[in-house]
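Student: Okay, here's what each chain looks like letter by letter:
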Amino acid sequence: MTVSDIPSRRARRTSVARQREIGVAYVLLAPTVILLVGVLAYPIAWEIWVSLTDLSPLNDGPARFVGLENYRRLAGDPQFWHAATVTIVYAVVTSVAKLGLGMVFALLLARPFRGRAFVFLAVFLPWAYPASVSVIGWYWTLSPPIPTAYSVFMGTLKWAVDSALGGGAWAFLSVTLFNIWRGSSFIGVFLLAGLNAVPPELFDCALLESKSAWRRFWLVTVPLLRPFLALAVFLSITTAFSDLTNVWMLTAGRIVFPVVGTQAYWLAIKSGQFGPGSALSLALVPFLLAVLVVFFWMFDRPETRRARGTA
Amino acid sequence: MAQVVMKALNKKYDEVHAVKDVNLHIRDKEFMVLVGPSGCGKTTTLRMVAGLEEITAGDIVIGDRVVNDLPPKDRDIAMVFQNYALYPHMTVYDNMAFGLKMRKFPKAEIQKRVQDAADLLGIGELLKRKPRQLSGGQRQRVAVGRAIVRHPQVFLFDEPLSNLDAKLRVQMRVELKRLHDRLETTAIYVTHDQVEAMTLGDRVVVMKDGWIQQVGEPLELYGKPANKFVAGFIGSPAMNFADATVVEEGGGLVVTSPGFRIPVPPARVERLRAYKGQALTLGIRPEDMRIGGDGAHAFDALVDVVEPLGSEILLNITIGQQAMVARVEPTVRAKIHEKIRFNVEPDRLHYFDAKTEAAI
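Chains A and B are the protein sequences, given in the same order. With my numbering applied, the first sequence corresponds to residues 2 to 312, in that order. With my numbering applied, the second sequence corresponds to residues 209 to 568, in that order.
The set of hints was computed from the structure by calculation and includes no laboratory data. No experiment lies behind these values; they were computed from the predicted model shown. Check each hint, because a few of them may be wrong.
[To be verified] Only part of the chain B face toward chain A is listed, based on derived beta-carbon distances under 7 Å: (1) 278; (2) 279; (3) 280; (4) 281; (5) 291; (6) 293; (7) 297.
[To be verified] With a cut-off of at most 30 Å between alpha-carbon atoms, the simulated BS3-like pairs for lysine-lysine come out as follows: (8) B:338 x B:385; (9) A:212 x B:563; (10) B:237 x B:281; (11) B:563 x B:484; (12) B:281 x B:336; (13) A:212 x B:281; (14) A:212 x B:320; (15) B:336 x B:315; (16) B:375 x B:385; (17) B:416 x A:212; (18) A:212 x B:336; (19) B:432 x A:212; (20) B:432 x B:385; (21) B:563 x B:220; (22) B:237 x B:375; (23) B:312 x B:338; (24) B:215 x B:484; (25) B:375 x A:212; (26) B:543 x B:563; (27) B:416 x B:432; (28) B:215 x B:237; (29) B:385 x B:320; (30) A:212 x B:309; (31) B:237 x A:212; (32) B:215 x A:212; (33) A:212 x B:315; (34) B:432 x B:315; (35) A:159 x A:271.
Glycine residues also receive a C-beta, built at the ideal position from the N, C-alpha and C atoms.
Please construct the entire structure, taking both the sequences and the accompanying hints into account.
Tutor: Following this line, the structure appears as structure tokens:
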């Protein structure tokens, strides 16, 4: 053995060890990959495939590939555009309101005061309470099951709202209110955690420079909370877009208030039209993705990422 | 340029009385350091001057205005925080310009002031960076720069060097001192580090449990501490304390403690006579213990630990039952368990009332 072949032998041995390490890494990753493929990738791929066919339990024979026919038909369907509009308005209105209210809650709870624990509990309760129970409470509040003076009043109110703003307005209003009521609770606590993560000196420092709480809020608090705000919007929009349960339960499953979720459910599950139903539920996904990418960019800007790397 | 006066200043939280009857006159252009252990009320006092804490009782005067009810913005002060408090979403320039922008200064003026301060602090290159991209020392400079650009009447420093590593801290300490000489602005500086207090302060306030213990120039605090707390707090290694009694012997007084007996010098006899037969605390600075000597002021000690620091050696020794520290020349070759003879200069000893802890 000469001195010169020591490094090469060592290198070979290292590369074998390295190969084995890489192999082990793949084995360790396998359960996660299988799980992700099984519960995410496969269903999504299947849904995309179905949206390109006329799959239906009502049809005989194998499903026929129809290309973009289902989407083409959707584009010409005024009902789809109505549902899409309602969904987007629903997402935007609830997100803005939840963010505003949540911010108020968070700012309110950020300072110590007597009885803060009770206020915190009151703010957090709508989120902590199981939605399936509280939604029934709301349903009975808005459509009282027992005839009393109150039920008469609510009936009149519903009629007045619907006749003033058009059919479905009352349903839209009640679903929106419920979503805001429940979501602002969560976002309030979420933003409070964000506020608590900011060193208090940053707010002290602003206090030394300006008397105006309004200016301090916009120039200091909002930018410091930006990642939290972006994530809150992110969560709010995705839940609004995929909302089926709350809408379904509050409107008792009727189609007076069609959002994309409920309409797709009617189409696919109740009417057996799997192809068009899948197309419908996928139709807004590109739009949603675009919005989320923007918010993700806000949440994790390249500059902060780079800085974190060098820190 | 302004004086700051605190009159019977008090701060009470629900349960805690954080600041108690603080009376302090900080002169124009003076660099005043508040020092004390954590929870002594020094930061609360500073925050009351800033207007970040409400005053429970008493008055604060800046210049010739009582500022008790003035919002922080109108007090004409600028504050530097321990964790720098730079806004992560703003560049260095915007951070430094923040206060001036909030006050709606004209753009050209802001630019000039920021540039001047940046040049003064040597951070001109960093103006376009974000705080995250700076080192601790650079961030601290930016925080100081943000205070300077405001041209305030009073600078408030809240432990500004505590987050820096030891070497940088010493360097920034010198820079702060130079800066103060140059700007000649009244400054109140809070720290728990007695070395910082001694090196930076024109005068130093020692606080404990909300009370002012002593106010004085650094060497005054070191040489004539008002009580046992100040004596132990100022100086490193700390002053040695020993329980002792005063007895009369042959017409003079002698301080005795297990392990040594030291005659009281004539100048101190009068004041110590009242403590005859009573317990008191004897204080000896580590540098006042000298190796060698004979006669009345000498005693034997056993070496426990030797700490060679290069410029000096610290000997942890036992005298009788008392553990003490002696600071000796680097040429001394002492070994563990060795018995060494020390002597003290009786004039350099400190005596404290065992009960009240006040200096005698």
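Student: It remains to establish, for every hint, whether it holds in the given structure.
Tutor: Consistency of the hints with the structure:
Restraint check, residue 278 of chain B versus chain A: the minimum CB separation of about 10 Å is more than 7 Å; hint violated. Taking 7 Å as the C-beta contact cut-off toward chain A, the hint placing residue 279 of chain B at the interface holds, the least distance being around 5 Å. A cut of 7 Å between beta carbons decides the hint on residue 280 of chain B: the least distance to chain A is about 5 Å, and the hint holds. Restraint check, residue 281 of chain B versus chain A: the minimum CB separation of about 5 Å is within 7 Å; hint holds.
Hint status for residue 291 of chain B: holds, given a least beta-carbon distance of 6 Å to chain A, under 7 Å. With its C-beta approaching chain A no nearer than about 4 Å, residue 293 of chain B sits inside the 7 Å limit, and its interface hint holds. Checking residue 297 of chain B against chain A: minimum C-beta separation of about 4 Å stays under 7 Å; hint holds. At most 30 Å may separate the alpha-carbon atoms for a hinted pair to count; residue 338 of chain B and residue 385 of chain B meet this at roughly 27 Å.
Pair hint residue 212 of chain A plus residue 563 of chain B does not hold up; C-alpha atoms about 49 Å apart against a cutoff of 30 Å. Between residue 237 of chain B and residue 281 of chain B the CA atoms are separated by roughly 21 Å; this keeps the pair inside 30 Å, and the hint holds. Distance restraint check for residue 563 of chain B and residue 484 of chain B: the Cα-Cα separation of roughly 14 Å lies within the 30 Å cut-off, and the hinted pair is therefore satisfied. For the hint linking residue 281 of chain B to residue 336 of chain B, the alpha-carbon distance of about 27 Å falls within 30 Å, and the restraint holds.
Distance hint between residue 212 of chain A and residue 281 of chain B is fulfilled; the C-alpha atoms sit about 6 Å from each other, no more than 30 Å. Between residue 212 of chain A and residue 320 of chain B the CA atoms are separated by roughly 25 Å; this keeps the pair inside 30 Å, and the hint holds. Pair hint residue 336 of chain B plus residue 315 of chain B holds up; C-alpha atoms about 17 Å apart against a cutoff of 30 Å. Restraint check: the Cα-Cα separation between residue 375 of chain B and residue 385 of chain B comes to about 16 Å, which is no more than 30 Å; the hinted pair holds.
Under the criterion of a C-alpha separation no larger than 30 Å, the hint pairing residue 416 of chain B with residue 212 of chain A is inconsistent with the structure, at around 33 Å. A distance of roughly 28 Å separates the Cα atoms of residue 212 of chain A and residue 336 of chain B; the hinted pair therefore holds under the 30 Å criterion. With a C-alpha separation of about 45 Å, the suggested pair residue 432 of chain B and residue 212 of chain A falls outside the 30 Å cut-off, and the hint is violated. A distance of roughly 24 Å separates the Cα atoms of residue 432 of chain B and residue 385 of chain B; the hinted pair therefore holds under the 30 Å criterion.
A threshold of 30 Å between alpha carbons decides the hint, and for residue 563 of chain B with residue 220 of chain B the separation of about 27 Å falls inside it, so the pair holds. Only pairs whose Cα atoms come within 30 Å are accepted, and residue 237 of chain B paired with residue 375 of chain B is accepted, the gap being roughly 28 Å. The hinted pair formed by residue 312 of chain B and residue 338 of chain B meets the criterion: a straight-line CA distance of about 23 Å does not exceed 30 Å. A C-alpha spacing of about 39 Å is found between residue 215 of chain B and residue 484 of chain B, which places the hinted pair above 30 Å, so the restraint is violated.
A hinted pair counts as satisfied when its Cα atoms are at most 30 Å apart, and residue 375 of chain B with residue 212 of chain A does not qualify at roughly 38 Å. Between residue 543 of chain B and residue 563 of chain B the alpha-carbon distance is near 37 Å, which puts this suggested pair outside the 30 Å criterion. Note on residue 416 of chain B and residue 432 of chain B: the hinted pairing holds, with a Cα-Cα distance of about 18 Å set against a maximum of 30 Å. A C-alpha spacing of about 19 Å is found between residue 215 of chain B and residue 237 of chain B, which places the hinted pair at or below 30 Å, so the restraint holds.
Distance restraint check for residue 385 of chain B and residue 320 of chain B: the Cα-Cα separation of roughly 24 Å lies within the 30 Å cut-off, and the hinted pair is therefore satisfied. A hinted pair counts as satisfied when its Cα atoms are at most 30 Å apart, and residue 212 of chain A with residue 309 of chain B qualifies at roughly 13 Å. A hinted pair counts as satisfied when its Cα atoms are at most 30 Å apart, and residue 237 of chain B with residue 212 of chain A qualifies at roughly 27 Å. Straight-line distance between C-alpha atoms of residue 215 of chain B and residue 212 of chain A comes to about 26 Å, which keeps the hinted pair within the 30 Å bound.
With a C-alpha separation of about 21 Å, the suggested pairing of residue 212 of chain A with residue 315 of chain B holds against the 30 Å cut-off. Restraint check for residue 432 of chain B and residue 315 of chain B: not satisfied, since their Cα atoms lie roughly 52 Å apart, outside the 30 Å limit. Restraint check: the Cα-Cα separation between residue 159 of chain A and residue 271 of chain A comes to about 28 Å, which is no more than 30 Å; the hinted pair holds.
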